[in-house]
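K.L.:
Residue numbers (my numbering), protein chains in the order written: chain A, 2 to 114; chain B, 16 to 155; chain C, 558 to 1051; chain D, 74 to 880.
Hints are not guaranteed to be accurate.
In silico lysine-lysine, DSS-like type, Cα no more than 30 Å apart, as pairs [stated by the list, open to error]:
no., chain 1, residue 1, chain 2, residue 2
1, D, Lys-632, A, Lys-24
2, D, Lys-227, C, Lys-996
3, D, Lys-176, D, Lys-538
4, D, Lys-176, D, Lys-366
5, D, Lys-95, C, Lys-921
6, D, Lys-625, A, Lys-24
7, D, Lys-632, D, Lys-445
8, D, Lys-366, C, Lys-710
9, C, Lys-921, C, Lys-1045
10, D, Lys-366, D, Lys-538
11, A, Lys-24, C, Lys-710
12, D, Lys-635, D, Lys-645
13, C, Lys-582, B, Lys-73
14, D, Lys-645, D, Lys-176
15, C, Lys-1045, D, Lys-645
16, D, Lys-445, C, Lys-921
Rather than coming from a laboratory, the hints here were simulated on the basis of the structure.
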Amino acid sequence: MEIVMCFVIGFLFMAAVYLMLSKSLLRIIIGTGLLSHGAHLLILTMGGLGGSSPPVVAPGVTDYADPLPQALILTAIVISFGVTAFFLVLAYRSYQELETDNMNLMRGTEDHD
Amino acid sequence: MKTNDVILQTTTKVIFFIIILFSIHIFFAGHYAPGGGFVGGLLTSSGIVLLLLAFDLKTVSTMLPINYTVMVAIGLLIALGTAAGSIFFNVPFFTHAFEYFTLPLLGKQSLHTAALFDAGVYLVVVGVTMTIIQSIGEDE
Amino acid sequence: MINLLLFPILLPFFFAMILLLFPKKLFLQRTISIVALALTAVFTIILMLKVKSDGIQAITLGSWPAPFGISMVSDMLSVLLVLSSTIIAIFVVWYSFSSIGKERESFFYYPGILFMLTGVNGAFTTGDIFNMFVFFEVLLMSSYLLIVLGGEKVQLRESIKYILVNVISSALFVITVAYLYSVVGTLNMADISVKIAQIDQPGIITVIAVLFLVVFGLKGAIFPLFFWLPSSYAAPPIPVLALFGALLTKVGVYAIMRTYTLFFTLDQGFTHELLMVLSILTIVAGCIGALAYFDVKKIIIYNIIIAVGVILFGASQMTETALMGSVFYLIHDILIKGALFLLIGVIIAITGTSNLRKMGGLIKTYPMLGWTYLIAAFGLAGIPPLSGFVGKLLIVQGGFEAGNLWGSIFILASSLVVLLSVMRIFIYAFWGEPVQVIKLDSIQYRNLFTPAAILVGFSVIYGVGSEWLVPYMSDAAEVLYNPSTYIKAVLGGA
Amino acid sequence: MSFVYFIFIPMIAALLIPFLYKKVCGIHTGWFVLVIPVVLFGLYTTLLSNVQHGESVTSSFEWIPSLNISFVSYIDGLSLLFSLLITGIGALVVLYSIYYLDKTREQLHNFYVYLMLFMTAMLGVVQSDHLISLYFFWELTSISSFLLIGYWYKRDRSRFGALKSMMITVFGGLMMLGGFVLLSIMGDTYSIRELIAIAPELANHEWFVWSLILVLLGAFTKSAQFPFYIWLPDAMEAPTPVSAYLHSATMVKAGLYLVARFTPIFASSEWWIWLVTGIGLLTLFWGSFFALKQTDLKGILAFSTVSQLGLIMSLLGAGAISFHTGIEDNSIFKYAAFAAIFHLVNHATFKGCLFMIAGIIDHETGTRDIRKLGGLMSIMPITFTIAMIGSFSMAGLPPFNGFLSKEMFLTGMLSIPDFDFFAFDTWGILFPIIAWIASVFTFVYSFYFVFRTFTGTYKPDFLPKKAHEAPFGMLISPAILGLLVVAIFFIPNIIADILIKPAVAAIQPYLYSSPEEIDIHVSAWHGWASPELWMTIGIIVIGFLLYWTLSKWQPMFEKIPKWFSLNRIYDKLMDLSETGTHRFSSLYMTGYMRSYLIYMFTAIVVLTISTVFIKDAFDISFAMLAPIHLYELVIVLVLVAGTITVLTAKSRLTSIIALGSVGYSVALFFVIFNAPDLALTQLVIETVSVALFLLAFYHLPKLNRHENRMKFRLGNALVAFGVGAMVTIVALSAHSNKLVRSISSYYEDTVYSEAGGGNIVNVILVDYRGFDTLFEITVLALASLGIIGMIKLRLSKKKEVNRNENK
């Protein structure tokens, strides 16, 4: 199953990057969403998908799923939630100020002279 | 519209309390079963969001006169305070203390400083979600 | 006080929360943030003295044994970085009083800075690779807050780019940690070092090393990952720029230095060679940019990139001299970049533009500013006895010792470009025919100039008083060169 | 006495100057400043007797003892000679400047601060025994020279010249530092004396030639040798006292000093001899030739300085030959070093004098353009007399000191073909020929300088001012130097005993152990049979003819194409550094985020994947895999389908909802992989996120209209594929290399007993790794603060309002 997951994750990353390279800001943010999904699944996969029961202590169970990656993912999920929320509001404010969501129109001048 | 609102508002109030209760349950279950401050907090805030949908923003803020930024700050302070308590005992930061008790009816329970920490998490999560939703909502 | 090493993280953290309770009370906001920073500085100095006398301070949180809880480690390198970051924050806050404006001050500006310092200090101190990620996020999130605060058009536009890049680098960070966890099954940095040594750094670890270089390189703006930096940094107001310019890239540089001396030491022929090549290319890219623009902000911003290259060149040599040079140069660069950004802030405030071609003749009306700038500029270029010299000298020497003749000569030659770029500011802004300037009222000018000048004074003392610093620097370099003391401090015994 | 502290006296005094300038307005600040060089000169003369007997005076103070970096003042013959020059000429220059610079119009405090800074720097250069302190003072000379050249900072030419001189000399300095560091590593010491002591061991080191070349780069740039001389003519924008002091008498000789000082270390190398002699001679010729092209008095003198520096340089190179020939065969080479020092002293006197003359003419007529000048002889007779003395000495005529050293120079060059090492016996014949030709041009430009200015017709219409003789005070300094020029001719051997022999002994320690051993006697007359005499006669005759016909052939210089000049190279380089870099940088710094992302992703992918293959790290292991269930595949399909929908959706609403579906399938994965906490969190978060997306989206109705499907772009797709492939490849390899058992079993063992909990994930979050959680919620809190700031604080609106109000 891990091998399948590796490909799924790769696919998610590919889609995420493709979206990030587009010019619509909303798509870019959606891309970051896919990116974090990919990353979270990857952490889980890297910990190993074996383990027959959830990491909640129960009598008689010895084969727990690796709890450490799960804890890491939880932290990562929360953080990416914060970032996504922030990013969304930023996009929303940019629409208001710059009146576009096209990245190509947000070039900004590198020159001042 | 108005009459419909009354029905919606009444049901919402009921659902709101159910959600709050459920979220509190989830919160306390966290240490032994799936759940915890984070999910609990999110559930609570979704309850409040439900209120927001049923009533308008003003009514909700009179119903729940909470400054969510302060709530966030207090949540953080509780979390930090719990962790920092250990500094006064000169043991490493974040050292928790717990004791198992056997209570009538509830059976074996524990009293755990970690729960206090989780309460901080809970408050922060509610505060943050509400701040975000409120500020976007207030903006026209 | 076994928790002493946490104070530089927890103090700004605690006071930042306090500040959240009354965002509109500006006087309190200002006073408390200065007090918080001063306290932090005091505790950091105490910590530094303790590290000096008792060796590396390490603690594993929650009273758990070492690889299982999160370890925090304060060795000389990290405590020095923490101290200089705190100092920069103090000056930036002081400078902000009369430059940032009441509006920003009442929207969590000071808590933002304190939280950022929390993140920076945490990233320097942590001994756990995933915890480092978390601290990175803290400092990034506060930097998002600060870069966009004010909501000006440029800020919004550039924040998008800035955040996007950092979201990508955070995702890469997480997956790299996941890869590493898969191979060595641990997150504690000392433990990782031990485990990698056990398995003799197989190819996959080298791949992970390259990924770490990429992740931290994105933060540290090395070639070819620096593209996002110049325009993003130019967007926020000067104090924020100073804070970013002085600190944020340094966190990336620190992380590279830490991982490349602690983890990935067994395949130096590949990893460190790559680091060296990239650092030289970084210098080239920085030099091109520093010369290409006639914008004072841009010139100094590109100099950040050059400095990153120089520091990493030293780190890639893996000789004790070069590592010590890198540490010397790293701290120097934090101080001098902070000072320079504040100084050009004063220039911009006076002239109302950041375009060099619209400036001129300031030396006549603002002679002290001119001379202070000149000293800072020479310090940046590494003219003795100012602060940049000793670090560069040691880096070059270390490079020669490692047999990289051309690399070291190149580092020397790059100083010339640095000098040219900063002298251009001097020649165009301070010399020449005076142009119309905004008449700053003298109190405001003094309030802006004083912190900048004192910071320059610090950097001069840093250079002239190098002798007092050498014991600290050599301790820091010693840990990098010979990380076994670090491992021992964390894991005990062995 | 600790002489090391005296070095800093001018610098410390400089701190008082601005104060004096402000408080004592009645008196020209220069009078206070004058005290410093005079006193120092007096102090250094007290050492003369010590040094004559080959003694030296050492003193030091530590700067960074832990790194062995300190200031060491080591005064032997060579250092003392230079110290006396610096303070002596310094005193004369300050005196001259008092009359030259107007105390009401000029910012005198700046001028004297720079000048004193320079004096300290220069004393430091010539006295430092420690390589690093030598470098320190070396750069300080460049900086003070920069400030002095840019003294009239409003003039374009001043700024240009200042920057140019700084760029070139600092470049040299940096290279020299590289050479020093190499030497210090090879010899394990920073002390020049110690390096000299172990010089034979150094010679075999692989870095020896490297360090030699790097050190020479420093010397050549500072001493304006070919092709680096180009900064010197532009440095003439400095006030004339500065030109006289820095750019003829002292700073430009720092390079010569360096070569002299390092001769004992490097003399064994043929590189050294060839480079120093060859470049010196080339510079000599080049400078003397192009001096005739100049029309600015100071320009002529600048090129003349370049040429004379070349002369001295070549003599130092020839002097190094004596290392190979030894003293026994009484060869002529041992004269070369002597001649070099002798000429260095003479040059300081006559060139300093001439610069001051040029300054006087500028000051009194308002121009330095030789085409506008002429016939000043009768108006400025004293000036003319002094100018004659200086020029004739420069031309190498008796009875002036320049004649003596020029003769010795010719002697040295004539002997070079005799040297039968390093191919000198074949190519060496070129040396005397070039030397002779250059001497002819020297003769011509000396005449050109003095006679075009003072004879011919007086052209008052061209002059901005009405010419008259200079005030007395201004004439004192050049007159003193003129007197010296004559005096040295008559008492050369006394000067030699006091000053020159001790210096020569320092350069050639392998020949002499004390100055008294040097058996060189200067005489003006070598007999009819000496070839030098005939060469000199030839120089005078041919030189006179050329000067006579100058107006015929001078226009030839105009025919030299413009691109054929070294200045062009510098200008091109500077242009490249401005517009070139700008153009280049604009190629990739486009401002488009997309291009930056493409560069970065490409770099990351290429770096990582090539590392995978170089290190042969790719690996798929089928061990330790979890089994694949059908329902898992179904979720995989759902997830992939959701992702594809995101990619292809036409409306943004669809892509948001599809993103949600991807999120929910991730939650399902968490369920089946035994991660209930994650599943719960993911579900709630996904819901809130989708709500947020919609909320942000809902507020933007006007953008809905022009929605369309993303166009397929191959470039983007390739980059995206690369990233995906990279992630997969590394993931597969990392998973197949689970080389160490994870630490997580510890948590399973201790969670109940020691942490008091049952849900391991939650306990990790609040206890084992609670620190992560504490800061994770901080990140959340920060996000909300940032959002409040973004929504509520809108400075751009406010700015616009302000702008409208101001209108």
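K.L.:
State for each hint whether it applies.
P.N.:
Now for the hints, and whether the structure bears them out:
no., hint, verdict
1, D:Lys-632 / A:Lys-24, "violated (58 Å)"
2, D:Lys-227 / C:Lys-996, "holds (21 Å)"
3, D:Lys-176 / D:Lys-538, "holds (20 Å)"
4, D:Lys-176 / D:Lys-366, "violated (35 Å)"
5, D:Lys-95 / C:Lys-921, "holds (15 Å)"
6, D:Lys-625 / A:Lys-24, "violated (71 Å)"
7, D:Lys-632 / D:Lys-445, "holds (22 Å)"
8, D:Lys-366 / C:Lys-710, "violated (58 Å)"
9, C:Lys-921 / C:Lys-1045, "violated (59 Å)"
10, D:Lys-366 / D:Lys-538, "holds (25 Å)"
11, A:Lys-24 / C:Lys-710, "holds (18 Å)"
12, D:Lys-635 / D:Lys-645, "holds (13 Å)"
13, C:Lys-582 / B:Lys-73, "holds (25 Å)"
14, D:Lys-645 / D:Lys-176, "violated (39 Å)"
15, C:Lys-1045 / D:Lys-645, "violated (57 Å)"
16, D:Lys-445 / C:Lys-921, "violated (34 Å)"
In terms of the numbered hints stated before, the structure departs from hints 1, 4, 6, 8, 9, 14, 15 and 16, listed from lowest to highest.
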